[in-house]
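Count the sequence shown with the UniProt record's numbering and you get residues 1 to 174, in order.
No wet-lab data here; the hints were simulated from the structure. All residues carry an ideal CB built from backbone N, CA and C; glycine is no exception. What you were told as hints is all true, and nothing was included just to trick you.
Across the chosen pairs, the derived CB separations fall in these ranges: (1) 146 <-> 106: 55 to 61 Å; (2) 90 <-> 60: 43 to 49 Å; (3) 157 <-> 135: 16 to 22 Å.
Calculated cross-link-like contacts (lysine to any residue; reagent style SDA-like; alpha-carbon spacing at most 20 Å): (4) 66 <-> 56; (5) 73 <-> 85; (6) 66 <-> 55.
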Amino acid sequence: MTETSPAKPSGSGFIPPATPSSPAPSSPAPSAVTTPAPAAPPTSAGRTEPPATVNHADQLARIEDKTARIEDKYARSEALLSRVEEKVESASTRMNDAARQADLSSLRSEVRTLSDRVGRLPGTGALVLTAIITAVLTVALMVAVQRLNLDRMLPHSVGGQSQTAPANPPASNP
Numbered sequence: 001m002t003e004t005s006p007a008k009p010s011g012s013g014f015i016p017p018a019t020p021s022s023p024a025p026s027s028p029a030p031s032a033v034t035t036p037a038p039a040a041p042p043t044s045a046g047r048t049e050p051p052a053t054v055n056h057a058d059q060l061a062r063i064e065d066k067t068a069r070i071e072d073k074y075a076r077s078e079a080l081l082s083r084v085e086e087k088v089e090s091a092s093t094r095m096n097d098a099a100r101q102a103d104l105s106s107l108r109s110e111v112r113t114l115s116d117r118v119g120r121l122p123g124t125g126a127l128v129l130t131a132i133i134t135a136v137l138t139v140a141l142m143v144a145v146q147r148l149n150l151d152r153m154l155p156h157s158v159g160g161q162s163q164t165a166p167a168n169p170p171a172s173n174p
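When you get a sec, could you build the whole thing from the sequences and use the hints?
Below, the structure written as structure tokens:
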């Protein structure tokens with residue numbers, strides 16, 4: 001903003017006096033320069049103008065009042081903006097917490113699902129029992145296969161048929 005200095009007079013005293021135009025080349029000497037007197041503002045009938053110093057003081061007082069009102073408005077706006085900033089910060093904090101809670105709840109549901117799946121797996125006792133039953137059944141079936149002479153049906157690598165020929169035939173002597 002620009003400030004009006006109280007030292008500067010305003011009105012007709014501020015305007016510099018008019019300078020005469022340059023003399024005509026044909027005139028040998030400059031004529032006497034006369035400065036016109038500033039014209040007095042017209043006054044209405046029945047109304048008198050207060051002195052100029054009172055007028056300037058009133059203007060200065062009005063400017064100071066307006067400045068004070070503007071400063072008050074600025075202070076109120078600043079206070080309002082600080083309250084809005086606090087509310088926005090608290091809202092963003094709550095939104096972050098809510099997002100974190102949503103992440104935690106989805107993580108909880110995934111952990112719960114995984115826990116249910118692990119809970120449905122057989123325990124140690126069931127695994128040991130299954131291993132014992134498998135071993136006993138395997139032995140019983142092998143004994144049954146040998147007693148019923150069904151070992152010929154087993155593949156050679158399992159040992160179903162005994163090998164009569166050695167793996168490496170002996171070298172023949174001529």
